[in-house]
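Modelling step: build the complete structure from the supplied sequences, incorporating the hints.
Sequence order for the protein chains is A and B.
Residue numbers for the first sequence follow this note's numbering, so the first one is 2 and each next one is one higher.
Residue numbers for the second sequence follow this note's numbering, so the first one is 35 and each next one is one higher.
By construction, these hints were calculated from the structure, which means they are not laboratory data.
You may find that some hints are simply not true.
[Said to hold, decoys possible] To give a feel for the contact side, a few chain B residues facing chain A, derived at Cβ under 10 Å:
(1) T78
(2) S129
(3) L139
(4) L143
(5) R169
(6) S190
(7) D197
Beta carbons are placed, not taken as given, at the ideal position from N, Cα and C, and that holds for glycine.
Spelled out from the first residue to the last, the chains are:
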Amino acid sequence: MLSLAYAYLRDRPLTTILNILLLAISVAMLVLLLQFGSQFEKRFQKDAEGIDLVVGSKGSPLQLILSSVFHIDQPTGNIPLSSLDLLRNDPATARVVPLALGDNFQGYRIVGTDASFLEIHQAELAQGEMFRKPPQAVIGANVAAETGAKLGQKFIGSHGLSEDSETDSGHDHAPFETIGILAPTGTVVDRLILTSVESVWDVHGIAHESEHEHEHGSEHDHDAEHDAEHDHDAGHDHDQDAEEAESGAQLQDARAALEPELTALLVSYRNASGAIRIPAMVNRQTEMQAAVPATETARLLDLLGVSLEGARIFAWLLAAIGGLAIFVALFSMARSREGDLALLRVMGATRPQLFSTILLEGLVTAAAGAFLGWILAHGLITVARNSFATMRDLGLTAWQPAPQEGFIILAVLLIGVIAAIIPALRVMRVDPAAILSRAS
Amino acid sequence: MQLIVDTISKSYGPGAAILDSVSFTLPESEQALLLGPSGSGKSTLLNIICGLQRPDKGQVSIGGKLIASPDSKTSGDSVRRTSLGIVFQTLRLVSALSLRANLELAQKLQKGSIDRSLIDECLEKLGIADRANARPFELSQGEAQRAAIARAVVVSPQLLIADEPTSALDSDNTERVAELLIEMAQSVGAGLLIATHDERLSRFFSKSFALKQGELNPC
Chain A
2 MLSLAYAYLR DRPLTTILNI LLLAISVAML VLLLQFGSQF EKRFQKDAEG IDLVVGSKGS
62 PLQLILSSVF HIDQPTGNIP LSSLDLLRND PATARVVPLA LGDNFQGYRI VGTDASFLEI
122 HQAELAQGEM FRKPPQAVIG ANVAAETGAK LGQKFIGSHG LSEDSETDSG HDHAPFETIG
182 ILAPTGTVVD RLILTSVESV WDVHGIAHES EHEHEHGSEH DHDAEHDAEH DHDAGHDHDQ
242 DAEEAESGAQ LQDARAALEP ELTALLVSYR NASGAIRIPA MVNRQTEMQA AVPATETARL
302 LDLLGVSLEG ARIFAWLLAA IGGLAIFVAL FSMARSREGD LALLRVMGAT RPQLFSTILL
362 EGLVTAAAGA FLGWILAHGL ITVARNSFAT MRDLGLTAWQ PAPQEGFIIL AVLLIGVIAA
422 IIPALRVMRV DPAAILSRAS
Chain B
35 MQLIVDTISK SYGPGAAILD SVSFTLPESE QALLLGPSGS GKSTLLNIIC GLQRPDKGQV
95 SIGGKLIASP DSKTSGDSVR RTSLGIVFQT LRLVSALSLR ANLELAQKLQ KGSIDRSLID
155 ECLEKLGIAD RANARPFELS QGEAQRAAIA RAVVVSPQLL IADEPTSALD SDNTERVAEL
215 LIEMAQSVGA GLLIATHDER LSRFFSKSFA LKQGELNPC
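As structure tokens, this is what we get:
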């Protein structure tokens, strides 16, 4: 009976393909919505774990959270370096992690921070060691896997936070050196390049205290080198030296004019009082803003949820239309095929066998639609992941079926069966004698 | 397998009797012709013999098994499935399947298993072996009628029944189909009963019945 049902479906290919497509599109939509919703929610929750508050420049709090916690948006601006000490000295804070953003390498964000950033995400080194000074960097597991970066390799960051932001980096003078690779965490860290805040300042030509110490410490060596050069170039033009000295001094002045700043601070409270006092203090008494990841994430998911719900209703409506199309096709078929059905009865097919043939047609159509839709959904996730950096940054993964996908597929199969029941009952009542007398 | 038609009556309303106490017997492996003009009740009688319609009175048995009676509990399905091969004038093959798939389906439904060598043999004998993979709409009238005979024969029936098998055929094909039906019935050891209005077939049969105004008489 299954092969007969298949033969009938094959006999009217356009109707069958249309019905399968309708169901496939609805299943694909439902699976996509489910995957997007659940993966984003899981990812947001995991990435925000251990961060009670984010302090950054005034602007949209959601943007601040997206850029500083999930690393998928532009930062709101910079905040003074002094804010780090201000919050670290507050007895209600347990951990304050500085962030200095602004550059990327092949689309992977370079984050200036310190070792405490790894504590938040419970990240551990898989190879090498932690960065200690400029220009050392530690790369996330996905960065290493996808760029093929190895320990000891040097790379030059590009200005901006996405791959296509700028082609001319302007950072050729300050290449980073990979000295560590992190083990996979399943968080945003996997897709980040971590370095010291000072490295980021160096890349942007921002003078800072540690740099002065470093420069003073090596001043004598530089002088020695300079002297040696001098000896070799005994006939050197002194006017040219004077020009170089002048432009060097101008550059030094320009660097000195740039204040070392941070992009944001990730704060963990020591106790509950921090949650009441610190955000209020930051928002009222400073030029900065404090945003709570839990609140902003919930707001974002609510906003997403409304859109997802609308799309979900539309997808179920599409599935219902698919069911209706199967019903119409089978119902009209039951009439046009009554000669065949009478013949089948004459050939010995029982009424339940005729009933099951029609039911199987509905079921096979629905199963094909469900299977195709499922493949389509996960295929689209793969394409989205490969085509859009944001999808990669959000950690969207394909071919990882959620348990609810089984429910969607079962529901679509049920739609196929329900759509076929009335035509199947009609077919079961076929009177071969009446049809034969009409035919002869 | 003996066919016994015992005092069958059937009417389609008061005063519209189409069969009136029709009785006859067809002994095992014998062949007979049921002659009658259009509307004489031949098809109704065949439907009753095949267990597709219920008589108002009387009963039909094949090999001692009841296939038709006025009792609603009598189901001809299993007797029809195990004993009969039926050829219709117009309903010949399932439209969605190829000729070979039709024959396989008939065997599967009626015998529970597929005998491909018997299918090949029948197709060869009927001269349509090269059309085995053709779909019904691709067959000519003559090929389609031979295909219908093949479908009825491949189930190794004990009684082969044909309703107007030659009505759409010319003289040459009429003779050819009649000969094929007789030959195929003999080859599987089945009895043969043909209902037709075509008196040209009489010469192929030693036993004939005429159905007129609801009554059956030997010719």
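The hints, checked one at a time:
no., hint, verdict
1, T78, "holds, 8 Å"
2, S129, "holds, 6 Å"
3, L139, "holds, 7 Å"
4, L143, "holds, 4 Å"
5, R169, "holds, 9 Å"
6, S190, "violated, 13 Å"
7, D197, "holds, 7 Å"
Going down the numbered hints, you'll see the structure goes against just number 6.
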